[in-house]
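**Student:** Spelled out from the first residue to the last, the chains are:
8 protein chains.
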Amino acid sequence: MKEVNSEIPEKSPLEYAVIDSRREERTGYPEAVYCQGKTTEQAEGIILRMRAQGLPVLATRVQGELAARICGRCDDARYDELSRLLTVGSFCGEEERRGLVVVAAAGTSDLPAAREALLSAEFLGSHTMMIADVGVAGIHRLFDRLPDIRRARVVIATAGMEGALPGVVAGLVRSPVIALPTSTGYGASFGGLAALLGMLTSCAPGISVVNIDNGFGAGYQANLINRLN
Amino acid sequence: MKEVNSEIPEKSPLEYAVIDSRREERTGYPEAVYCQGKTTEQAEGIILRMRAQGLPVLATRVQGELAARICGRCDDARYDELSRLLTVGSFCGEEERRGLVVVAAAGTSDLPAAREALLSAEFLGSHTMMIADVGVAGIHRLFDRLPDIRRARVVIATAGMEGALPGVVAGLVRSPVIALPTSTGYGASFGGLAALLGMLTSCAPGISVVNIDNGFGAGYQANLINRLN
Amino acid sequence: MKEVNSEIPEKSPLEYAVIDSRREERTGYPEAVYCQGKTTEQAEGIILRMRAQGLPVLATRVQGELAARICGRCDDARYDELSRLLTVGSFCGEEERRGLVVVAAAGTSDLPAAREALLSAEFLGSHTMMIADVGVAGIHRLFDRLPDIRRARVVIATAGMEGALPGVVAGLVRSPVIALPTSTGYGASFGGLAALLGMLTSCAPGISVVNIDNGFGAGYQANLINRLN
Amino acid sequence: MKEVNSEIPEKSPLEYAVIDSRREERTGYPEAVYCQGKTTEQAEGIILRMRAQGLPVLATRVQGELAARICGRCDDARYDELSRLLTVGSFCGEEERRGLVVVAAAGTSDLPAAREALLSAEFLGSHTMMIADVGVAGIHRLFDRLPDIRRARVVIATAGMEGALPGVVAGLVRSPVIALPTSTGYGASFGGLAALLGMLTSCAPGISVVNIDNGFGAGYQANLINRLN
Amino acid sequence: MKEVNSEIPEKSPLEYAVIDSRREERTGYPEAVYCQGKTTEQAEGIILRMRAQGLPVLATRVQGELAARICGRCDDARYDELSRLLTVGSFCGEEERRGLVVVAAAGTSDLPAAREALLSAEFLGSHTMMIADVGVAGIHRLFDRLPDIRRARVVIATAGMEGALPGVVAGLVRSPVIALPTSTGYGASFGGLAALLGMLTSCAPGISVVNIDNGFGAGYQANLINRLN
Amino acid sequence: MKEVNSEIPEKSPLEYAVIDSRREERTGYPEAVYCQGKTTEQAEGIILRMRAQGLPVLATRVQGELAARICGRCDDARYDELSRLLTVGSFCGEEERRGLVVVAAAGTSDLPAAREALLSAEFLGSHTMMIADVGVAGIHRLFDRLPDIRRARVVIATAGMEGALPGVVAGLVRSPVIALPTSTGYGASFGGLAALLGMLTSCAPGISVVNIDNGFGAGYQANLINRLN
Amino acid sequence: MKEVNSEIPEKSPLEYAVIDSRREERTGYPEAVYCQGKTTEQAEGIILRMRAQGLPVLATRVQGELAARICGRCDDARYDELSRLLTVGSFCGEEERRGLVVVAAAGTSDLPAAREALLSAEFLGSHTMMIADVGVAGIHRLFDRLPDIRRARVVIATAGMEGALPGVVAGLVRSPVIALPTSTGYGASFGGLAALLGMLTSCAPGISVVNIDNGFGAGYQANLINRLN
Amino acid sequence: MKEVNSEIPEKSPLEYAVIDSRREERTGYPEAVYCQGKTTEQAEGIILRMRAQGLPVLATRVQGELAARICGRCDDARYDELSRLLTVGSFCGEEERRGLVVVAAAGTSDLPAAREALLSAEFLGSHTMMIADVGVAGIHRLFDRLPDIRRARVVIATAGMEGALPGVVAGLVRSPVIALPTSTGYGASFGGLAALLGMLTSCAPGISVVNIDNGFGAGYQANLINRLN
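Chains as they are written, first to last, in our numbering: chain A, 4 to 232; chain B, 4 to 232; chain C, 4 to 232; chain D, 4 to 232; chain E, 4 to 232; chain F, 4 to 232; chain G, 4 to 232; chain H, 4 to 232.
Hint data in this document are derived by calculation from the structure and do not stem from the laboratory.
Hints are supplied without guarantee of correctness; some may be wrong.
To be verified - Part of the chain B face toward chain D, derived, beta carbon under 10 Å:
1) D23
2) S24
3) A35
4) L58
5) P59
6) M133
7) L227
Claimed, not checked - Pulled from the structure, derived: some chain G residues nowhere near chain H, Cβ distances all over 10 Å:
8) L85
9) R100
10) G163
Said to hold, decoys possible - On the chain E side, residues computed to face chain F include the following (Cβ under 10 Å):
11) V21
12) R26
13) A46
14) I49
15) R81
16) Y82
17) E84
18) L85
19) C95
20) L149
These numbers come from a predicted model, not from an experiment.
C-beta atoms are modelled at their ideal positions from N, C-alpha and C, and glycine is treated no differently.
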């Protein structure tokens, strides 16, 4: 790690944020930073403060400029452009990862959310596998990948538009399915509402749903379940 | 046919309705009677007037009392309790039916709409087949019936809840699919809205959608397509 | 078990339903029967057919008349009036139950859904505990019960109105939280929509959500997670 | 055709997409590429891969830059700016086209969707005719064109705002009508919702509806119906 | 007029209502009584108080019991069952009526609202004419009646479902059109929302819209316009 | 007070509810009982338990049967039929009431909610005054009562339909206005949504809003403000 | 008038539009051109074609570039930047104007729509008067202007946010009120929805409503009514 | 104060606005200026006119350019960039402030609205304190600050996403809580709708709600309550 921001001392409180430093103690995992709606300065301040406190950082919805600033200051920062996810430091070493979370994505346009889910689960401690473009309109593509999907302890099924993938998957596997609706689509998809409602009303049990485009939430929950012992 | 209502002579206009007697000439099919929102007297008057003009009648959303009244007056009236569809006389004899319309229904609760579709298509001139309970949560049940579904010139795919059936079917067959959403479900299905949006946003092409629970509309459109030549 | 319906032989197919007898093989659990929207005759037929095939039955949204009919024919039927859940036979013996699913309910009016969740999880193989009336308006009631909630491998947090309970719980425990919105409330709760949206947008990670009033879905998913090993 | 992208060999899988090469076998038509939500690189990769496999390509929602890239590499690429539709190669030669699909558009602002429908139907195998600006506010313009509309085997009726055109057309012709709502309008048209709801609830039978602005879906379904034999 | 309720003297104020006795002075017309949501006692009290003050009464959404009570006490009360409109006394004698308001209704199910509009306009001072069942699905029925519609100074066009009638009419006549959406329909008509949105977004100018099922509002506005001089 | 339920001893916990006996200590006021969604037995049990603990009770949405049961057991129970509000015992004696809360109601149909607000504020410690039927359609009725309204320390302004009353009042008085939307209305009032949105978006400052028909919430908040010192 | 576009001859049809040249004959007024959603070329073509046919033009939602082009070619073009309304030529000379349409606007932000209404009514044949910033939050400003408002034959009342102005005005005047909701506001105004619903559900009769921001529609209808004779 | 705009004399009326100079007399506070939807010229004109009349100005939603113009002309203008709030002159001197309004904000992204609330309350006459980043996901952060929150006469609780903060706070304090929902969030937060509905349906009494992102409204109402005496 590079020397972090010397102007932001560890102890003095930030006026715009309170680092929840006891979160890991309560829940097993450190706080993540949701950057949308924060100014670049605020987000940068929070991330650097967490680093100064020795906390690993997982930040979501990180725009390019903020990513560049953080990567310029922290050697161990990693930025994924497609999902706009940034990590600084590590929470769980590769060798400590356990189980397998499979992320099945219905279409290419669902990959940003899917990848946010995958990278989040990985950061928090799961082995992961991406299975892209297995939407139900060409269902044999899903069946071709069933053996891989069935190896998962937890499946994240991602789709926009009608959001039918989780329901079909849940009828075929023994593991819990986390349904991740995306805002992919137009017209009557109403920004992901169609997918969200479809996933909530699926007649297959074994599904629970996170917010539209909430890849981080899906990955977090999948990892939590995956690491239950 | 029994002697019809002698108090309602053929010629004098009804004050609450205008029989669209030229509809068949313009569109190839006679007018149907949608009974919901009409008083029993109004619906009865319209049906008897059509009979008096020699028109065959297909009436939808027919409550028991109205059905009993009509069946008591017209020998050739047939009432289906599950779908609340009533026919009087016939538009197309059995021997004149053509092609095959398959109605695939996701669950038992979808049968009222599915049956309205099937009986409508049959009345208007199609051979039909019902394939019940082939929802995507147990997708092998759908695959077991694929040979039958593939025999159809037109498929009507009916589902409530997440409404995923039409999208899966459309990816597996060569015929056009009419998607019929139903109000089956609760909570986030919002009276069939989830199914409707799901069907409209399906990523599989070859689907077009009718109103929630509009079995008649699905059957009419399927028959129209089926009989194109 | 009493002698089941001799008129419904095991082999001949029902015209309105296809028992998904291979579901347990694929997913580890047998099919459940959602009774709303089915006629009493249809629901009864399906349940008896499943019994005739030796399948244990979990049926939801069972009205009193149907429950009485089934209980009159099957000695091992059990009906819970508050949640309208009916079981016939058992899938998992008491001694085979594992882990602990805690159901935390915000208010008394949430108990029907909460109990559907609890009984479902129990039927499928989990030890369970109900913690009632711990809504966030009197948050000390929740804190009083935290030791019990923290013993759970999986928490189901149930609430209507603003649906804030899951978010608060998820910030206090290490286990995954299944959020179960209920239709409790009036006005701007819009039949559970407020609770549903609140749970989906919770800023605490570790939450995934099921449909409004879908106690069965919550219990099923919680049990699935609880029994992962 | 120019030499296609030599860096994207035919055999190695794309990590972000799975070409559904068996789609034509199952449904009679090749997969189309929906470009919105895909990065330019992803869309380009998919299109070139399909060309490398000898598949004809129909791509929708193609931005100018992507179109320029593809047209620069493939001699047989054709781009229509108004509808943003791109084709590469041909699926059905002009001489093989059959039947007639008429696209009736209510207003000038509906032409992008209308043209997407027309070009899609043409690409897939139908003769087509555009009839523009025949909205119901000046209904004589529609009547002037009725002879042409009546020549169609299938009519696509396109409208935004109140979406009344399909209902009026369906009462005047013998062919099935595919209703294509557009997002034309403002205020209470809510991005096409008013038109969509209007078309779904039309009291004229013989209509089925596709998603808002889904010209491709309308054209695909119309061609499917048109070519039934 | 019979002797009105002697227990409700003219002068003492009602605790639940304030008769707006200066309304006619300000607006030219007396207050109407909207009875839905009032107890029978409250509605009766208000009506009798108005009569005691010598005001003519037009009351809407009047249930049978209330109507019977009022008709039992006031000789000059008139009740129309279909529209649930009640009048007591007269505001404008038949000979003082002016102009012509035509009420065109799309279907039989729209008649309750249409009739509320017609009777309201008549009570307030307009000659009226009902033209029933001229919905756009059989547009020639509308054309058959155009000469009558064109005689109107103001047209009220009533429709449920897709609500297309006002837009078509407004393109054919010189008079202003008051669009009256009704809750006729099911599914995606969402209680009249589809019709309402359709009327608001009509591309024909010369239309303004009242609330769903607000026949009184339509009739009031039409009469106001009709009697402008 | 009569002898309360001897079968429900003070100490043993209820399984369906936890009396928040420390609420008064934290917030200054005891818990209220919302009875909708509770069985009669549950609501009765909670109320009697609170009485057994010496807590005064304010219960809302109380159906007649429950009211009769409680009034039969507790001498100091008072039930208001219009608002369905029940009190048992008293929290604040008449002589201890302070300040003045004026409840202004737009129409007669808004009185159930208005009265729930008034009785709640009174029970909790405020002097109150009801000003009925001063909706903005006859604005002079409001001006006639302005002197009374201006005497209030807090105004509750209640309205259904377009909900304009609070905005007009807030522009005329110096006290804070609590806006209470009601579900009065039909069609586009969507169960109070129109009034709610209108009140939230009022351009007059000095307004804050409670849930649709939440008279208790309005009265509670008004009393809280009124008694600030 | 400058020489108009010689490249667009009068007779050859435009492929993207059909000038409704018989509209004036049917409805008394020429067609207007709604420019949003049309390309600049299409809008320009339509306007110039209408000019070539000698038709006066009223065009709405005209962007600056289009306005500049038209004004560069037609001497008698007039563009109002605030409302984006463009006229070319005149339909009704100043001396032929009749009656008075008053446009009352609640706030400064409502002026674009208000001005579109005013200029439209003027172009079509009415005398007009703008009364700005008379929203109900400062109701005395409205009362100050009542004498002017009462001089109108028709009032257009414009408001965003809670949209209360039309209801208050309609209770104070004898003329019909056209309610024009605007998209002014944020949050729960949902793009004008709050104002729209408020106006539709107003308890004052004598109001009818046009689409959100549809100043042209309001002005057209007001002029139509104003000029009735 | 610098010399203000000499071109805008005090007396001549603005054509686009009417300064409500009697507002303070009626309500105790001067009019505020909502700048969104006004042109820079209009907003500047209104502000300078108010200054010319000696009125203090609080302006909201002020863009940078407008702020710069005003600050360039008025020495006593103060602009807060985060909340886009501008004040010119003072209404209540620091020494005249009374009581304490605490603004509790759930997250960093809620600070723009929170700060608008705080600065508004301060300008109008309250002492204020900001307590940032105390959302319910890390509830101990809220408990750490409870002593400060309990010192407030009025609490403003601000949150986006699920909006749970006000309900939790209201169960812990004796003062009224003004709930301020923000548009922070994505997907199912639907621009603040989830937070708004959550706050309206909170089961804790003692809460009333303002519009999404309406910091000014919250601060105004809180100050009004705080200064009641």
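**Student:** Report the numbers of all earlier hints that the structure fails to satisfy, in ascending order.
**Tutor:** Those not satisfied are hints 2, 4, 5, 6, 8, 10, 15, 16, 17, 18, 19 and 20.
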